[in-house]
Structures are given as C-alpha cells and as structure tokens.
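Chains as they are written, first to last, in this note's numbering: chain W, 240 to 516; chain F, 58 to 347; chain V, 7 to 348.
Treat the hints as calculated values from the structure; they're not laboratory data. Each residue gets a CB set at the ideal place from its N, CA and C atoms; glycine is no exception. Be careful, since some hints might not be right.
[What the hints assert, rightly or not] Derived CB-CB ranges, DEER-like:
hint	chain 1	residue 1	chain 2	residue 2	range
1	W	A248	V	Y181	42 to 48 Å
2	W	T348	F	H82	57 to 63 Å
3	V	Y181	W	W298	44 to 50 Å
4	F	R176	V	R341	21 to 27 Å
5	V	R341	F	H68	46 to 52 Å
6	V	D80	W	V283	27 to 33 Å
7	V	I71	W	L268	45 to 51 Å
8	W	T380	V	I71	27 to 33 Å
9	W	T348	V	K262	52 to 58 Å
10	V	T270	F	F212	17 to 23 Å
11	V	M30	F	A208	44 to 50 Å
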Amino acid sequence: MTRALRIIAANPLSLTGLILVLAIVLAALFAPWIAPFPTHNSAVVDFAYANSAPNGRNWMGTDLVGRDIFSRILYAYRISLGLGIVVLIIATPIGTIVGLLAGYLGGWTESVLMRLVDVFLSIPPLVLAIAVLGVLEPTLTNAMIAVTVMWWPWYARLVYSIARSEREEGYVLAAEVIGAPTTHIAFREILPNCLPAIITKMTLDMGFVIIIASSLSFLGLGVQPPTPDLGSMVAEGARYLPDSWWMTVFPGLAILFAVFGFNLLGDGLRDVLGADE
Amino acid sequence: MTHLLDIRDLHLAFKGLSGLTEVLHGIDLSIAAGERVALVGESGSGKSVTARIVLGLLQEMRNARVTGRVAFDGADVMTMAQKDRAALRGTEMSMIFQDPTSSLNPTFTIGNQFAEVMRRRDPKLDQAACDARATEMLTEVSIPDPGRVLANYPFQLSGGMNQRVMIAMALVNNPKLLLADEPGTALDVSVQAQTLRLMHDLVEKHHTAVLFISHNLGVVREFADRVYVIYRGRIVETGPTDAIFHSPGHAYTRALMDAVPRITGAGLPAVPEVSDDFLAPMVRHDGGAS
Amino acid sequence: MSSVFRILLRRLAISVIVLIGVSMLIFAIARIIPGDPARIALGPNANADQIASLRTEMHLDEPIIAQYGYFVADVMRGNLGQSLYTNRPVTVDIAEFLPATLELVIFAGILMVGLGLPLGILAARHRGRWPDHLVRVGTLLTVSAPSFVWAVILMLLFAFYLPLFPVAGRLTDSYEIARVTGFLTVDTLLAGNFSAFVDALHHLVLPSIALALSGIGQAARLTRANMIETYDKPYIEMAQAFGFYPTRIARRYAFKPSLIPSLTIIGLDFAAMLGNAFLVEAVFAWPGLSRYGVAVILRKDLNAIMGTVLVIALTFLVVNILVDLLIAFLNPRIRHSTRASS
Chain W
240 MTRALRIIAA
250 NPLSLTGLIL
260 VLAIVLAALF
270 APWIAPFPTH
280 NSAVVDFAYA
290 NSAPNGRNWM
300 GTDLVGRDIF
310 SRILYAYRIS
320 LGLGIVVLII
330 ATPIGTIVGL
340 LAGYLGGWTE
350 SVLMRLVDVF
360 LSIPPLVLAI
370 AVLGVLEPTL
380 TNAMIAVTVM
390 WWPWYARLVY
400 SIARSEREEG
410 YVLAAEVIGA
420 PTTHIAFREI
430 LPNCLPAIIT
440 KMTLDMGFVI
450 IIASSLSFLG
460 LGVQPPTPDL
470 GSMVAEGARY
480 LPDSWWMTVF
490 PGLAILFAVF
500 GFNLLGDGLR
510 DVLGADE
Chain F
58 MTHLLDIRDL
68 HLAFKGLSGL
78 TEVLHGIDLS
88 IAAGERVALV
98 GESGSGKSVT
108 ARIVLGLLQE
118 MRNARVTGRV
128 AFDGADVMTM
138 AQKDRAALRG
148 TEMSMIFQDP
158 TSSLNPTFTI
168 GNQFAEVMRR
178 RDPKLDQAAC
188 DARATEMLTE
198 VSIPDPGRVL
208 ANYPFQLSGG
218 MNQRVMIAMA
228 LVNNPKLLLA
238 DEPGTALDVS
248 VQAQTLRLMH
258 DLVEKHHTAV
268 LFISHNLGVV
278 REFADRVYVI
288 YRGRIVETGP
298 TDAIFHSPGH
308 AYTRALMDAV
318 PRITGAGLPA
328 VPEVSDDFLA
338 PMVRHDGGAS
Chain V
7 MSSVFRILLR
17 RLAISVIVLI
27 GVSMLIFAIA
37 RIIPGDPARI
47 ALGPNANADQ
57 IASLRTEMHL
67 DEPIIAQYGY
77 FVADVMRGNL
87 GQSLYTNRPV
97 TVDIAEFLPA
107 TLELVIFAGI
117 LMVGLGLPLG
127 ILAARHRGRW
137 PDHLVRVGTL
147 LTVSAPSFVW
157 AVILMLLFAF
167 YLPLFPVAGR
177 LTDSYEIARV
187 TGFLTVDTLL
197 AGNFSAFVDA
207 LHHLVLPSIA
217 LALSGIGQAA
227 RLTRANMIET
237 YDKPYIEMAQ
247 AFGFYPTRIA
257 RRYAFKPSLI
267 PSLTIIGLDF
277 AAMLGNAFLV
287 EAVFAWPGLS
297 RYGVAVILRK
307 DLNAIMGTVL
317 VIALTFLVVN
327 ILVDLLIAFL
337 NPRIRHSTRA
347 SS
C-alpha cells in the first residue's frame with residue numbers, strides 16, 4: 240500500500256489526480272462547513288444578489304434567484320459522488336459474478352449470460368439510461384437504478400475476458416486436480432486475479448458515472464430542482480448564454496475537474512497494479 | 058589485413074535510474090570479407106547488443122551510450138549521420154532474428170515484404186521485377202512452391218518456412234555482411250540444423266560475411282570459421298573454430314563446452330553463475346591490445 | 007473472400023439473437039412503467055369505458071407473453087404505433103428526425119477517426135517526450151467532460167465571443183432546400199445549391215466537434231497504447247534492422263497491426279455518440295432525434311419511446327456489424343482462416 244502510494248506520488252500526473260480527488264471528496268464531505276452560503280442548496284431566493292457576475296462575495300457568481308454558484312457546486316459534488324459510489328457498489332458485484340461464472344464455467348452458462356450482456360451492450364449506454372428513466376419518475380433513486388442497469392454489463396464483460404483466459408492457467412488446473420470446489424476456484428483462485436483490473440476500472444468509472452449522471456440531469460431526467468446538480472445547473476444556465484456565462488462555465492468546469500481527477504488517478508493505478516484494459 | 062567489419066574498444070552503457078550501467082567493457086572483433094565468425098556466450102553476455110551496435114540501432118536510443126570504433130567497409134559507423142547508417146541497413150548489411158514467425162509482419166504478404174526490402178536498394182523496382190527476384194531467392198533456399206509462399210502471410214507458413222523466407226529476404230539485396238542473432242533457436246532442432254546448413258551454403262556461394270551469434274557451441278562448430286567467446290561484456294577467448302574446440306584455453310570456454318549435451322554424457326553439467334577463473338583475461342585477440 | 011462472407015453470416019445470426027433480446031428488454035422497460043398505460047395515453051379526463059376499450063385495443067388484458075407477441079408482430083410489419091405527442095405514426099416521426107442526428111454523428115465520427123488516430127500515432131512515436139505528454143494530458147482532458155460541457159464552452163468561445171460559427175440550427179433560414187435524404191449536406195448538393203451546402207457544413211462544425219471531442223481522446227489513447235505494444239514486437243525491430251525510416255515504420259509497419267484491436271472499441275465509441283448526440287442537440291437546438299426523444303419521454307409517450315430506442319439499438323447493431331466486417335477485411339488472419347472462427 241505504501242509502495243503503491245509512493246509510485247503514484249512519483250508521477251506528477253497521478254499525484255495531481257490524487258490531490259484533485261482528495262480535494263473533491265473533502266469538499267463534498269464538508270460542504271455544509273465550507274460553503275459560504277450553506278442554505279443555498281435548496282429553494283431559497285436572494286434577489287438582492289440575483290444574477291451577479293463573480294465577485295468578492297460570490298466567487299463564482301450567483302444564479303437567477305441569487306443563489307451562490309460555488310456553494311451549490313459543493314453540494315452538487317455530494318450528489319455526484321454519492322450516486323457514483325452507490326452505482327458502483329451495486330453494479331460491480333453483479334457484473335463480477337456474472338462475468339466470473341460465464342468465464343469459468345463456459346458452455347451454456349457462458350452462452351446465455353454473455354448474450355444477455357450483449358443485449359445490454361447493444362443499446363448506447365446513455366440511451367438505455369434515458370429509456371429506463373423515461374418510464375420511471377425522474378428522481379435521484381431512479382437515476383441510480385437507471386445508471387446501475389446500464390453499468391453492470393461492462394464489469395461482466397471485463398471479468399469474463401480475464402476469467403476466460405485464467406481458466407486455462409496452470410494454477411486453475413492444479414486446483415481442479417486436487418478437487419477444489421467450483422466456488423472456491425471461481426472466487427478464491429480466479430477472482431483475486433481480476434481485482435487489479437476491477438479496481439482500476441472502478442476508479443476510472445467514478446469519473447464516467449459522474450459524466451452519465453450529469454448528462455441525465457442535464458436532460459432534466461435526473462435529480463430535480465431545487466437540489467443542486469452539476470448537469471441541471473449547466474442546463475439552466477445555458478439559457479442565459481452568453482451574458483450570464485458563469486452559470487454554465489463553473490458547473491461545467493466542476494465536472495471537468497472531478498472527472499479529470501479520477502481519470503488521472505485511475506491511469507496511475509493502472510500502472511501500479513499492472514492491469515490492462 | 059583489411060577487414061570488412063572492424064570493432065575496436067567498444068563500450069556500451071545504459072542510463073538507468075541508478076546511473077550508468079556498463080554492459081560492454083571494450084570489445085575488439087573483426088571480420089574479413091566472406092568470413093563466417095561466431096560470437097558465443099550465454100544470454101546477457103552482450104552478444105546481441107553488439108550486433109545491434111553494428112547495425113547502428115543502439116546509437117539511436119536515447120538511454121544508450123556507445124563509444125569506441127566500428128568500421129564497416131572502411132567507413133566509421135559511429136561517426137556517421139543517422140541517415141547514412143539507415144542507408145546501410147537492409148542493403149549492405151542485414152539481419153536474421155531468433156523467431157522467424159514473429160519477426161515477419163503479420164499484416165502483409167511475404168511477397169509484399171520482399172518487395173519492400175528490395176526497394177530499399179532500388180526504389181524504382183516494379184512488383185513484377187520484385188516477384189521474379191523473390192521467386193529466384195526462395196528457390197535458392199529450397200522452397201518448393203515460391204509463388205504460393207509469396208502470396209501467403211507469415212502465420213500461414215511453418216516456422217521452418219518462415220526461417221527460410223527470412224534468410225532469403227536478408228540475402229536478397231546481396232549484403233556484404235549478415236548478422237544472425239541466434240537464428241532458429243525458436244525452431245525444433247532438426248529444422249534448425251537443416252536451415253543452418255542451407256544458410257551456410259548460401260553465404261558461401263554469395264561470399265557474404267556473417268557474424269553468427271549463438272549460445273550453442275554445437276551449432277557454432279558446424280557453421281563458423283572463427284570464434285569469439287564473450288563473457289560478461291568482455292571477449293575472453295578467440296581463435297579458429299577447430300583450435301578452440303580442440304584446446305579451449307579459457308576456463309569459461311571449457312565450462313561452455315561441457316554444457317553442450319552429448320549422447321554419451323552423464324546429463325548436463327552446471328555452468329557456475331560466476332567463477333574467478335571466468336574473469337581472468339586470456340587473450341586480447343589479433344592486435345587488439347595496443 | 008468467402009470467410010468474410012461466413013463472418014457476415016455468423017455476425018448476422020448473433021445480431022438476430024441480440025435484437026430479440028433488445029426487443030424483450032425494451033418491452034420489459036415499457037412494462038415497468040408505474041400506472042396504467044391506457045390511462046396515461048388517454049390523459050386524466052378519460053372515463054372508464056374509454057380506458058377499457060383502449061385496454062382491449064392495446065391487448066393489455068391478455069397474458070404478458072401474448073402482449074410481447076403482438077409487439078413483435080407489429081414491429082416486424084414496420085408498425086411502431088402512434089405517437090401520443092405528435093399524433094403521427096412513430097415511424098414517420100423517426101424518419102423525419104433521424105437523418106439530422108445521423109448526419110451529426112457521421113461528421114463527428116469522421117473527426118474522431120481523422121484526428122484521434124494520427125494523434126495516437128504521434129504520441130506513440132515520441133513516447134516519453136513532449137508530444138506524447140501533450141497528447142496524453144490533452145486527450146485525458148477531452149474525455150473528462152460530457153459533450154454538453156464542451157458544447158457550451160465551444161458555443162461561448164466560437165459562436166458568441168468570436169462569432170465564427172452559427173449559434174444554433176442546421177441551416178440559415180433563408181435557404182429553401184427540398185428534402186430528399188434528410189441529410190442537408192447531401193440535399194443541398196442534390197439541389198445544386200453550393201452556398202447552402204457550405205452553410206450546412208458551417209452549421210455542422212461546432213456541434214460535431216463538441217460531440218467528437220471525447221471520442222477523439224478515446225481513439226488517440228487507444229491507438230497510442232496499441233502502437234506502443236506493437237513497437238515491442240520483433241517485426242518492428244526487423245523493420246528497423248532493414249533500415250526503413252521511422253515515419254514509414256510508424257505509418258505502415260506499426261499502425262496496421264495496432265489498428266485492428268482498436269477498431270472494435272472505436273466502433274463502440276462511434277455508436278455511443280448516438281446517445282451523446284442527445285446532449286449536443288439540446289445545446290445547439292439541432293432538430294434531431296433528441297428533441298423528439300426528450301419530449302416523448304417527458305410525456306410518457308410509450309410507443310414513441312420504444313420506437314426511438316429500438317431504432318437506435320438497430321443503428322448501433324448495424325455499425326457494429328460493419329466494424330466487424332472491416333476488421334475481418336483488414337486482418338488477414340481472419341480473412342484467411344481456413345476453419346470457421348469459433
């Protein structure tokens with residue numbers, strides 16, 4: 240662990256990623272204490288300061304009803320990160336189990352499970368999530384469900400391809416020869432070899448979930464106002480371009496920084512863990 | 058005595074995280090025109106890098122530092138412009154690699170790759186002329202159906218076939234020097250012996266000089282006129298093949314010879330990782346010591 | 007050539023299975039909708055009789071398997087039902103809006119391949135030096151923001167601050183172009199109106215760049231990684247030993263073997279643009295499938311939602327089949343395999 244940290248710290252890009260991610264996680268955790276206007280995460284109005292450009296009081300300006308953009312971004316990070324963590328915690332085990340079974344057992348299990356995965360992968364990810372949200376009510380919980388539905392197949396495919404090649408390795412054969420039970424081989428022998436790839440993918444995917452979730456709320460299909468979300472903030476502000484540019488540019492850059500951080504860190508982890516894509 | 062290839066006091070070091078690591082500590086080696094010379098040693102002894110320096114490949118690597126003199130056909134490869142060095146490769150000198158199948162590009166046909174090599178010498182050659190000459194060369198390496206082979210991709214041919222193709226390709230431009238880096242080690246023994254025999258006859262016929270790099274003394278004995286034994290970046294012994302085989306002078310050479318499997322032998326003797334005797338100097342060959 | 011044909015057949019067979027699965031998935035999504043579809047279709051003012059008769063018409067009282075059967079039978083006949091939003095057949099709506107989306111996606115795809123691959127080659131050739139670092143950081147940035155963020159930023163910079171490109175739409179209003187294919191770059195040329203063609207291209211620039219940016223980054227990163235792997239192969243050293251120039255080695259000997267494994271993912275990225283087009287269209291008021299899609303979703307217009315998703319899935323499958331064929335064509339190992347690939 241310390242060795243991993245040292246390798247990441249030695250690479251300026253990975254270190255930047257680590258710092259960005261830590262900063263964003265801390266900002267999200269302590270938003271109520273850091274935000275200059277902690278009440279602005281709800282439907283408050285402050286018309287005296289409405290639509291003001293960035294200044295000493297509101298570093299990133301205010302929106303049409305005078306809420307502080309910077310404070311709202313901090314709260315929006317809580318939503319984005321929370322959604323990302325929930326989605327990955329649910330989707331990763333599902334995908335991993337499906338991929339592991341298909342890859343190790345082969346035969347009919349493989350055909351059925353992987354065709355099922357193919358079906359999910361044949362609809363562009365965003366469109367699948369949009370369709371699921373289209374029939375459900377657009378709420379945070381349903382957004383999580385929609386993104387989870389589109390997410391698990393990617394883990395299934397990743398784990399499947401590793402498990403299928405590991406199946407042929409000597410250590411698996413050795414375990415089979417001594418009569419180890421199937422579940423032991425799948426979960427205790429093969430799974431540990433998939434972990435580096437899974438962990439790397441989860442780090443990179445935190446960024447990608449943030450992109451998808453903000454895209455959904457940009458289309459009005461995710462988190463509903465007045466709860467602040469990066470995507471809906473950009474959508475709202477886009478109507479007042481170019482005059483009130485700060486309403487779109489700062490939430491947009493907030494997405495960019497968060498995702499960039501996770502991507503840099505994920506790239507660094509891939510080097511440390513030696514996982515291929 | 059004029060040499061086709063003359064290497065004097067060649068040093069090579071790699072820049073790494075922990076500073077410079079010297080790999081070659083002053084090598085002297087020479088080859089006359091048409092002469093077959095073997096460079097023998099275990100893996101990591103520095104034999105492959107020597108060949109890559111002759112080709113001028115290592116000089117272009119940013120983390121390699123090469124010093125010394127490498128004269129090829131009267132010109133100094135070390136001081137040459139990068140472009141001139143590249144111009145020698147594939148025309149005046151060429152190389153054969155260890156694993157023939159993975160050394161040929163999997164996405165082009167053999168005929169296509171032949172044509173590319175031939176156009177190194179004469180860019181204006183048309184496909185028909187290239188095919189005709191390639192067919193001629195493939196016949197020389199005893200490939201039965203050259204037309205079919207030219208239309209094939211490397212993965213459609215056996216390893217032995219690819220080995221012959223590579224020999225033909227390396228000789229098609231009539232180079233003065235052929236560098237062979239453990240040719241055929243990836244093949245099975247009988248195929249390897251066959252193709253080496255073929256290569257021996259061909260270079261003799263075309264009067265091509267060869268620097269033959271190997272760890273296998275048995276193969277070297279069949280092939281080379283003269284032998285250099287290299288150990289840990291130093292030449293420890295040199296001489297005509299027969300002389301070396303009859304009376305190896307250096308402790309390391311003797312250890313290497315004991316490592317050649319013999320039918321009557323009692324298994325493989327171990328070559329010790331290192332021994333003080335191995336590091337003892339024996340000869341600085343033909344005038345190399347100044 | 008016959009093995010390419012065999013691959014096509016195999017691929018089509020798999021696609022049929024996948025398509026059946028997709029139709030089930032879409033049908034299932036449509037059935038998890040909370041509430042009675044007939045009531046939603048008729049609106050809050052309908053009486054019980056009206057709802058009952060529509061339920062019969064929509065086969066809602068029959069077993070779920072039978073309902074799926076009716077759905078498939080309709081789809082096979084090219085009948086995707088009526089849209090509640092436009093009161094027209096869904097097929098007519100899709101035919102009207104799909105070409106604009108496809109035109110945008112195709113242009114973005116050209117940018118993705120045309121810029122992504124050369125950038126990847128450049129980075130791999132200069133591995134560890136400044137062009138590589140520049141490309142790596144640059145591409146990582148482009149993949150780190152959703153396309154609507156790039157759309158907004160590009161619009162702000164190049165439509166408002168530097169008014170080089172139009173802010174919205176596909177064509178300046180003053181042009182009247184007869185609709186033939188629905189692709190304006192084609193229709194304007196068919197009409198012989200060259201200035202309208204230039205105008206249509208002019209409108210395409212910002213949206214297609216916004217849509218392509220993350221794809222360019224993906225393609226460049228992938229190409230770089232595969233090129234670097236290829237550079238370690240013995241046949242590259244052999245090419246060096248035969249004195250070929252570094253540019254030629256990069257473009258000819260290293261690029262082709264590394265392109266083949268990249269293509270599948272590039273195909274997936276290309277198809278993913280069909281989804282991201284929703285975001286870019288929203289920013290640039292592009293009259294494509296997105297505006298229709300979002301409108302029908304907000305109105306819970308089931309037929310239209312299912313039809314739109316089905317058409318997008320179908321396009322996605324077609325793109326993947328084409329990519330597989332291209333790979334089979336480029337990869338001699340597949341083209342010349344004597345046995346049917348497993």
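Tested hints:
{"no.": "1", "hint": "W:A248 x V:Y181: 42 to 48 Å", "result": "58 Å, violated"}
{"no.": "2", "hint": "W:T348 x F:H82: 57 to 63 Å", "result": "60 Å, holds"}
{"no.": "3", "hint": "V:Y181 x W:W298: 44 to 50 Å", "result": "45 Å, holds"}
{"no.": "4", "hint": "F:R176 x V:R341: 21 to 27 Å", "result": "25 Å, holds"}
{"no.": "5", "hint": "V:R341 x F:H68: 46 to 52 Å", "result": "49 Å, holds"}
{"no.": "6", "hint": "V:D80 x W:V283: 27 to 33 Å", "result": "50 Å, violated"}
{"no.": "7", "hint": "V:I71 x W:L268: 45 to 51 Å", "result": "50 Å, holds"}
{"no.": "8", "hint": "W:T380 x V:I71: 27 to 33 Å", "result": "30 Å, holds"}
{"no.": "9", "hint": "W:T348 x V:K262: 52 to 58 Å", "result": "37 Å, violated"}
{"no.": "10", "hint": "V:T270 x F:F212: 17 to 23 Å", "result": "20 Å, holds"}
{"no.": "11", "hint": "V:M30 x F:A208: 44 to 50 Å", "result": "47 Å, holds"}
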